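Could you put together the complete structure from these sequences and hints?
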Amino acid sequence: MLNTREVDLVVIGGGPAGMAAAAAAAGAGVEKIVLLERQEKLGGILPQCIHNGFGLRFFKEELTGPEYAHRFILELKKYPQIQVKTGTMVMKITAGRQVVTAGAAEGLVCYQARAVIFAMGCRERPRGAINIPGTRPAGIYTAGSLQYLMNIEGFIPGREAVILGSGDVGLIMARRLTLEGIRVKAVLELMPFSSGLNRNVVQCLEDFNIPLYLSHTVTAIHGQKRIERVSVAPVDADLRPVVEKEFDLSCDTLVLSVGLIPENELSLQAGVELDPATGGPVVDSFYQTTVDGIFACGNVVHVHDLVDDVSTESIVAGRAAAAYLRGEIGRNRWFPVKAGRNIRSVVPQRIVAGQATPLYIRACFPERNALLCIGNRQSRRRVVSPGETIYYTVKPEDTATTGGFFTVSLEGGEADD
Amino acid sequence: MTELTCILCPLGCRIRVEREEDGLKITGYDCPRGLAYAREEMTAPKRILTAVVKVAGGESGESMLPVKTKTAIPKEKIFPAMEEIKAITVFPPVKIGQVIKENLAGTGVPLVATAPLPDDDYRS
Chain A
592 MLNTREVDLV
602 VIGGGPAGMA
612 AAAAAAGAGV
622 EKIVLLERQE
632 KLGGILPQCI
642 HNGFGLRFFK
652 EELTGPEYAH
662 RFILELKKYP
672 QIQVKTGTMV
682 MKITAGRQVV
692 TAGAAEGLVC
702 YQARAVIFAM
712 GCRERPRGAI
722 NIPGTRPAGI
732 YTAGSLQYLM
742 NIEGFIPGRE
752 AVILGSGDVG
762 LIMARRLTLE
772 GIRVKAVLEL
782 MPFSSGLNRN
792 VVQCLEDFNI
802 PLYLSHTVTA
812 IHGQKRIERV
822 SVAPVDADLR
832 PVVEKEFDLS
842 CDTLVLSVGL
852 IPENELSLQA
862 GVELDPATGG
872 PVVDSFYQTT
882 VDGIFACGNV
892 VHVHDLVDDV
902 STESIVAGRA
912 AAAYLRGEIG
922 RNRWFPVKAG
932 RNIRSVVPQR
942 IVAGQATPLY
952 IRACFPERNA
962 LLCIGNRQSR
972 RRVVSPGETI
982 YYTVKPEDTA
992 TTGGFFTVSL
1002 EGGEADD
Chain B
7 MTELTCILCP
17 LGCRIRVERE
27 EDGLKITGYD
37 CPRGLAYARE
47 EMTAPKRILT
57 AVVKVAGGES
67 GESMLPVKTK
77 TAIPKEKIFP
87 AMEEIKAITV
97 FPPVKIGQVI
107 KENLAGTGVP
117 LVATAPLPDD
127 DYRS
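The listed protein sequences derive, respectively, from chains A and B. Basically my numbering = 1-based index in the first sequence + 591. Basically my numbering = 1-based index in the second sequence + 6.
Check before you lean on any hint, since a few could be wrong.
Stated by the list, open to error - Distance condition first, Cα-Cα at most 27 Å in a straight line; then the derived DSS-like pairs of lysine-lysine: (1) B/LYS92 x B/LYS31; (2) A/LYS623 x A/LYS676; (3) B/LYS76 x A/LYS651; (4) A/LYS776 x B/LYS81; (5) A/LYS668 x B/LYS101; (6) B/LYS81 x B/LYS92; (7) A/LYS836 x A/LYS776; (8) B/LYS81 x B/LYS60; (9) A/LYS776 x B/LYS52; (10) B/LYS83 x B/LYS60; (11) B/LYS101 x B/LYS76; (12) B/LYS76 x B/LYS60; (13) B/LYS101 x A/LYS669; (14) A/LYS651 x A/LYS668; (15) A/LYS776 x B/LYS101; (16) A/LYS651 x B/LYS101; (17) B/LYS101 x A/LYS676; (18) A/LYS651 x B/LYS81; (19) B/LYS81 x B/LYS107; (20) B/LYS83 x B/LYS107; (21) B/LYS92 x B/LYS107; (22) B/LYS83 x A/LYS776; (23) A/LYS651 x B/LYS52.
To be verified - Negatives, chain B to chain A, calculated, CB over 12 Å: (24) LEU17; (25) VAL23; (26) ASP28; (27) LEU30; (28) THR33; (29) LEU41; (30) ARG45; (31) GLU47; (32) THR49; (33) PRO72; (34) PRO99; (35) GLU108; (36) GLY112; (37) GLY114.
What the hints assert, rightly or not - Simulated restraints on C-beta separations: (38) B/THR8 x A/ALA686: 24 to 32 Å; (39) A/PRO867 x B/GLY34: 38 to 46 Å; (40) B/GLU9 x A/ARG973: 13 to 21 Å.
What the hints contain is simulated information worked out from the structure, not anything from laboratory work. The structure displayed is predicted, hence computed values, not measured ones. All C-beta atoms in this analysis are idealised placements derived from N, C-alpha and C, irrespective of residue type, glycine included.
Here it is, written out as structure tokens:
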């Protein structure tokens, strides 16, 4: 028989989301909390994000990733009621909140939890997800795994690199490679705009004169044992490569920064409904999923630009789980959010009646001077970019005047120059 | 003429700077912070530099320690600073915030640790 332990709350994932949620739940009075992390240490992605720029919103000061993680580790240590289990992997979860884990220290353990918080984060899209033709040589990395190899292991990947994708991790790695003496020949972006933060484009590329090729992609990878060069082509309006304009770039390293996908295998096992727009669970204003007593926060819900927002959102989830355990949150009346013009995703997807709800909104394409319309409210947004979250907080009274749902849209914007 | 993208907020104003006999002519900014940003970028641009340094031994379980310059250093000092950083080996224990090297590349700014060594804090 499996060893079963009854606990109040299981938090799955010890990155920024899980740490903040566990500490918030403990602070709100939850007594028996287990925080599960499959890596050997807490922090998730933060320890390898050695660059600065974290914490400006949450702590009002500029920190590096390891410093940001350290603050939350100190916070966790204030609460002896949180049991941290590192090196522990969740093997199975049920809708009844049974969580089966495996770890070297304790073998198989089953937790029967009264509430669960999902904080599994996201993972990188690999080469296979974008089907780049060519050979399969050494020297091809996803940006995040290269970041781990360089910053944690101290590994130098090569001498000349090409980066495909201008997401934030790709931009950060362009600078990191340059600082370590690797020549970054180009950052290629399929779309006509960068999907990264403006400050990263400026401080990671422009500072080091690294060329950014918008509307370009890799059409082939060459090299037998080691990558030797890539073929690159501009793309047309339908994102198809214009082969007549193809050219080659020699390189011994190709870095892929082509998107992040929330990691939701456990969510599916538990029967949680996912939102196709975010790839993460559908959540309400309390970050409760569609399964009773299962909450979710952080990058497993939607991929964030800033860890600060992960912390803020995870504190909401942790406190809500505590309220759920006290019987204060049942199934509340809620209104669905409907995405209108130029809206790719909105989180939370369900606004609880009478509940102030900060929305995290992502646009499909860049534009200027658009009117953000939410239910009956409007606010002007001078600049809209898919790389930057749009923030809007729904007021409690706004839910009284809605016609059964909230439509979110951007109207009347002008094309970005 | 130089064109800068302001990084202080998501507006990303495109600021134009022209050198004239009586100084800089700065246009295209939207707020006083943008003006100050452009002026500093044109006269004395500064950046916080982050990197990793080697850890001696291996008893602590870590091969690298993350570091940063305590405050921003002049942009032209970034590569000289990296050369000094690459030559450093640290010996545990190290406290978070501890000075790893004073006066990095002659900037007057110290290099400090951004994580503790050993990182027992992280383990359960």
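Against the earlier hints, flag every one the structure doesn't satisfy and list their numbers going up.
-> 1, 15, 24, 31, 33 and 38
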